[in-house]
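**Q** Now for the letters of each chain:
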Amino acid sequence: MEFNLLTDIVEYCKREGKDLAEAMLDYEMANKHLTREQVYAGLKRVLFVMEDSVEQGLTQQVITPSGMLQNWAKQVYHARVEALGASLKKATARAIAVGEVNACMGKIAAAPTAGSAGIMPAVLVTMMEEHAIPRDKILNALLVAAAVGLIFAKNSSFAGSEAGCMGETGSAAAMAAASITYLLGGTNEQILEAVGFALKASMGLVCDPVAGLVEEPCTTRNAIGVANAFVSAQLALAGIKSLIPADEVIFATKEVGDLMSPRLKESGQGGLANTKTGREIQKRVFKTSD
Amino acid sequence: MSEHPSIFDILGPIMIGPSSSHTAGASRIGLIARQLLRDEPIKAIITLYNSFAKTHKGHGTDKAIIGGILGFGPDDERIRDSLELARKAGLTWEFRFVGDFVKFHSNTARVHLYGKNGGEIEVVGASLGGGRIKIQEMAGFAVDFTAQIHTIVIIAEDIPGSIQKISGAIAEQGVNIANMYVSRNDKLANMIIEVDQNVEPYTLEKIESFSWVRFVRLVEPMLEGSSRYDK
Ligand code: SF4
Numbered sequence: 004m005e006f007n008l009l010t011d012i013v014e015y016c017k018r019e020g021k022d023l024a025e026a027m028l029d030y031e032m033a034n035k036h037l038t039r040e041q042v043y044a045g046l047k048r049v050l051f052v053m054e055d056s057v058e059q060g061l062t063q064q065v066i067t068p069s070g071m072l073q074n075w076a077k078q079v080y081h082a083r084v085e086a087l088g089a090s091l092k093k094a095t096a097r098a099i100a101v102g103e104v105n106a107c108m109g110k111i112a113a114a115p116t117a118g119s120a121g122i123m124p125a126v127l128v129t130m131m132e133e134h135a136i137p138r139d140k141i142l143n144a145l146l147v148a149a150a151v152g153l154i155f156a157k158n159s160s161f162a163g164s165e166a167g168c169m170g171e172t173g174s175a176a177a178m179a180a181a182s183i184t185y186l187l188g189g190t191n192e193q194i195l196e197a198v199g200f201a202l203k204a205s206m207g208l209v210c211d212p213v214a215g216l217v218e219e220p221c222t223t224r225n226a227i228g229v230a231n232a233f234v235s236a237q238l239a240l241a242g243i244k245s246l247i248p249a250d251e252v253i254f255a256t257k258e259v260g261d262l263m264s265p266r267l268k269e270s271g272q273g274g275l276a277n278t279k280t281g282r283e284i285q286k287r288v289f290k291t292s293d
Numbered sequence: 042m043s044e045h046p047s048i049f050d051i052l053g054p055i056m057i058g059p060s061s062s063h064t065a066g067a068s069r070i071g072l073i074a075r076q077l078l079r080d081e082p083i084k085a086i087i088t089l090y091n092s093f094a095k096t097h098k099g100h101g102t103d104k105a106i107i108g109g110i111l112g113f114g115p116d117d118e119r120i121r122d123s124l125e126l127a128r129k130a131g132l133t134w135e136f137r138f139v140g141d142f143v144k145f146h147s148n149t150a151r152v153h154l155y156g157k158n159g160g161e162i163e164v165v166g167a168s169l170g171g172g173r174i175k176i177q178e179m180a181g182f183a184v185d186f187t188a189q190i191h192t193i194v195i196i197a198e199d200i201p202g203s204i205q206k207i208s209g210a211i212a213e214q215g216v217n218i219a220n221m222y223v224s225r226n227d228k229l230a231n232m233i234i235e236v237d238q239n240v241e242p243y244t245l246e247k248i249e250s251f252s253w254v255r256f257v258r259l260v261e262p263m264l265e266g267s268s269r270y271d272k
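First to last, the sequence lines map onto chains A and B. Each residue of the first sequence is one higher than the last, beginning at 4 in the numbering used here. Each residue of the second sequence is one higher than the last, beginning at 42 in the numbering used here.
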């Protein structure tokens, strides 16, 4: 069973009278020779690890060995000032929580990568809290996210070294936007529009981690990826169309990634990594830790 | 990723951070070395090449490899404290660094292990990203396997009929051979046999009982989707 475009999956849904989650369930069962129960057991484990990583980042001491991240998630979660209500504040904190846990050698579920692992958990935990969505439905939202990831991996790349941060936090935001749209009853077409919006917002984003570590700017980019996902879903759910269809946007990320200078793709030598402060941090981190 | 990636390649791996290549992949190389040693490791000499050599500390590559040598999977939270746990377990280790070695993939490690009961093994593995790895050298043989499915590693005298006897022993258990690679050096043959399900100890014992077989090990898949369903 093979899907090459998001529209292939939508076509399959039309033909079979299924939704995107069921289409991905069929895909996994057929290709990996699994039962429905086995796939859901795997999804449950992913969701459990996601929730646990959020929880750890919000409750435990997380100071990264480099000293770049220091308990930011808790600081955001308990901030007195709310730029746009408590939900956005908490969602932001949750994304940072996972980033901090990851940087401190904690356990995370890459989604789709370790560097972008904060976006999906932050979005799903927030959706459960804000909309009282049952866990079973959340497992289906993971399948919908996987549909987007599958096609993105095929036609672009998850690697920061190939597609820049479009490939990591960009694709994660698109996956999360699809999940939100699905959970709030959006049609398949609307889910694809949400993917389009999220990726367009990430277009051209470079991968420039300071000292080559998955901390700065990765952690805050995860938080902003969460906002991107919610805004993209909001647009799609209101019936706004991404003038460029999602599949074409994915191809564009590939083109842009290919055109990007290698210095801007995980080299640790361009962008923020190559600023005066970025270079100073790099010197400090690798001297004191060696 | 294979032609049909699993949804658990996209929503996963479940791993100890921060990096799927520098941490998760590194731990798997250590773990595979341990499985190939099949002895309690007491000494490890680890050489890190290229990007591994340059950025290992910031990514905990050292802790990940030592954790793997201690038998921890890539999602085992003990990796974070593996150096201390290794000291307690009586493992001594030494890291060496080779910054630029173009012959090897950018994230490569050589793991040389010595066991309590006299075992010894040297393994070279590369971390390919997303937690995937490739073993490229083993006990002096050039090999090429990814340990995404159960893999039987055999060194035997290169005598006629040996391959039939070994595949016969595997077939007896009802296990299908997915792939088989054979390489030779002098009088010895190395066989890498990938099978589509778990292999019972008695099958391995049967293979080991052939007088011309020198070495039999089973490398179990870790991290990839399939191993995750049962838990
Ligand atoms: S900046 Fe690079 S390393 Fe950091 S999250 Fe983005 S792609 Fe990953």
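Honestly, I wouldn't trust all of these hints.
Calculated pairs, SDA-like style, for lysine to any residue (alpha carbon to alpha carbon, straight line, at most 25 Å) [stated by the list, open to error]:
no.: 1; chain 1: A; residue 1: Lys257; chain 2: A; residue 2: Ser245
no.: 2; chain 1: A; residue 1: Lys110; chain 2: B; residue 2: Asp103
no.: 3; chain 1: B; residue 1: Lys144; chain 2: A; residue 2: Pro265
no.: 4; chain 1: A; residue 1: Lys47; chain 2: A; residue 2: Glu165
no.: 5; chain 1: A; residue 1: Lys17; chain 2: A; residue 2: Lys257
no.: 6; chain 1: B; residue 1: Lys175; chain 2: B; residue 2: Gly202
no.: 7; chain 1: A; residue 1: Lys140; chain 2: A; residue 2: Val84
no.: 8; chain 1: A; residue 1: Lys35; chain 2: B; residue 2: Pro201
no.: 9; chain 1: B; residue 1: Lys175; chain 2: A; residue 2: Ser270
no.: 10; chain 1: A; residue 1: Lys110; chain 2: B; residue 2: Lys144
no.: 11; chain 1: A; residue 1: Lys35; chain 2: B; residue 2: Leu259
no.: 12; chain 1: B; residue 1: Lys95; chain 2: A; residue 2: Ala89
The following residues of chain A were derived to be distant from chain B, with all beta-carbon distances above 12 Å [what the hints assert, rightly or not]:
no.: 13; residue: Thr62
no.: 14; residue: Gly188
no.: 15; residue: Leu275
Just so you know, these hints were derived from the structure itself, not from any lab. Just so we're clear, the structure is a prediction, and the values are computed from it rather than from any experiment. Glycine included, every Cβ here is placed at the ideal spot set by N, Cα and C.
**Q** Which earlier hints can't be squared with this structure?
**A** 4, 5, 6, 7, 8, 10, 12
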